[in-house]
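S.K.: Taken in sequence, the protein lines are chains A and B. With the first letter of the first sequence counted as 1, position 11 gets the number -9 in the working numbering; the numbers rise by one all the way through. The number in the working numbering is simply the position in the second sequence, starting from 1, with 89 added.
Since the hints were derived computationally from the structure, they do not count as laboratory data. Possibly wrong hints are sitting among the right ones.
[Claimed, not checked] In silico DSSO-like links for lysine-lysine, alpha-carbon gap of 27 Å or less:
hint: 1; chain 1: B; residue 1: K156; chain 2: A; residue 2: K54
hint: 2; chain 1: A; residue 1: K59; chain 2: B; residue 2: K201
hint: 3; chain 1: A; residue 1: K46; chain 2: B; residue 2: K201
hint: 4; chain 1: B; residue 1: K202; chain 2: A; residue 2: K54
hint: 5; chain 1: B; residue 1: K113; chain 2: B; residue 2: K215
hint: 6; chain 1: B; residue 1: K215; chain 2: A; residue 2: K59
hint: 7; chain 1: A; residue 1: K59; chain 2: B; residue 2: K113
hint: 8; chain 1: A; residue 1: K54; chain 2: B; residue 2: K113
hint: 9; chain 1: B; residue 1: K97; chain 2: B; residue 2: K113
[Stated by the list, open to error] Now the in silico label distances, taken between C-beta atoms and shown as ranges:
hint: 10; chain 1: A; residue 1: D(-6); chain 2: B; residue 2: Q176; range: 20 to 28 Å
hint: 11; chain 1: A; residue 1: G81; chain 2: B; residue 2: E164; range: 31 to 39 Å
hint: 12; chain 1: A; residue 1: G81; chain 2: B; residue 2: T181; range: 19 to 27 Å
hint: 13; chain 1: A; residue 1: S84; chain 2: B; residue 2: N214; range: 15 to 23 Å
[Unchecked claim] Not everything, but these chain B residues come out facing chain A in the computed CB check (under 7 Å):
hint: 14; residue: T109
hint: 15; residue: I186
hint: 16; residue: M189
hint: 17; residue: N199
hint: 18; residue: F224
Yeah, the Cβ is synthetic: ideal placement off N, Cα and C, and Gly gets one too.
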Amino acid sequence: MLHADVLCGADLLDIEVTCGFGCDLISDSLCFARPGCLLLTGLTNVQIIRLAEMVEARAIVFVRGKRPGEDVIKLAREKGLPLLATDLFLFESCGILYQAGLRSS
Amino acid sequence: MQLKFQVKGMDFGRAGQAATKIKKALQLAGMDPATIRKAIIIAYEAEMNIVIHAYHGTLTANITPHKVEIIAEDEGPGIPDIPLAMQEGYSTAPPHIREMGFGAGMGLPNIKKSADELDIQSEVNKGTRLWAAVFNN
C-alpha cells in the first residue's frame, strides 16, 4: 500500500498492529502513541528505536524517503522491531492506512 | 526497590536506556499500566533533559507498591526561570537537537502532566534536582 521497502524484520511482517501514530516529535510520540501501534515518522536516529520500545510500538515506517543508518537498523533487528521505508509523505501514508481501516492511536 | 543510573550529557547513543530499564522493572513489579505510563514519561523526559542540557547526572527510581518516585539530579547550567521552562513550547535546545525530534519544549510540561507530585530545585551554573511521584492506584 505504501510501496515500502523492508529494512529489517521481513519475517515479522504478518504481525498485527492495533492502531497507527504519525509524528516527528519524540515527546509527543511518548505521550500519545499506544502499545501495539504502527509508528510512522521522519525521525531516523537511534532514539526512535528506543522510543518504539518504550511505547511498545510493533513496527516503524519511515516516511519522506528517509532511511536510518546501519546502527539503527541493527538495534531494531536486535529488538525484533520491523522497519519499513516509503517515499510517501507522512500525511499521505497515514491517509492510505486510514482508508484501509487502520485507526488512530 | 531502588534503581539508580548514571546519565551522561550529550550521550544520545545510550539516552533512553535508563528509562527503558525502569519500565521493565515496573512491569515486573506488576504496577498498574497507567502508573507505568506516567512514570515512564517522567523518567524518559527527565533522562533526556540531562542528556540534552546537563554535563552529567543520575536518574533514580524508588519503587514501592503504592508509589513510584523518579529523581533526576544533574550538574549543569541549571534553570534560571523554572516557571518559564514549564511553559509548553519554551525550549533552549539548539537546532541540531531539534532535528533529532527533541527540544519542542514539551519535556517539563509532560512531566508536570504525568506527575501526581512534582518538585524542581535548580541553581544556575550548578545543577538541577527534579523529584516526581506517581501513585499506583
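S.K.: All hints, please: hold or fail.
M.R.: How the hints compare with the structure:
1. B:K156 - A:K54: Distance ~36 Å between B:K156 and A:K54 Cα, so the pair is violated.
2. A:K59 - B:K201: Cα-Cα ~31 Å, so violated.
3. A:K46 - B:K201: Violated, at about 33 Å.
4. B:K202 - A:K54: 34 Å, violated
5. B:K113 - B:K215: Answer violated: B:K113 to B:K215 is near 32 Å, above 27 Å.
6. B:K215 - A:K59: 38 Å, violated
7. A:K59 - B:K113: Roughly 14 Å separates the two Cα atoms, so the pair holds.
8. A:K54 - B:K113: 21 Å, holds
9. B:K97 - B:K113: 21 Å, holds
10. A:D(-6) - B:Q176: 20 to 28 Å: Check failed, 45 Å falls outside 20 to 28 Å.
11. A:G81 - B:E164: 31 to 39 Å: With a Cβ separation near 51 Å, A:G81 and B:E164 fall outside 31 to 39 Å, so the hint is violated.
12. A:G81 - B:T181: 19 to 27 Å: 42 Å, violated
13. A:S84 - B:N214: 15 to 23 Å: 44 Å, violated
14. T109: 6 Å, holds
15. I186: 10 Å, violated
16. M189: At about 5 Å, which falls below the 7 Å cut-off, the nearest Cβ of chain A leaves the hint on B:M189 intact, so it holds.
17. N199: 6 Å, holds
18. F224: 19 Å, violated
Of the numbered hints listed earlier, those contradicted by the structure are 1, 2, 3, 4, 5, 6, 10, 11, 12, 13, 15 and 18.
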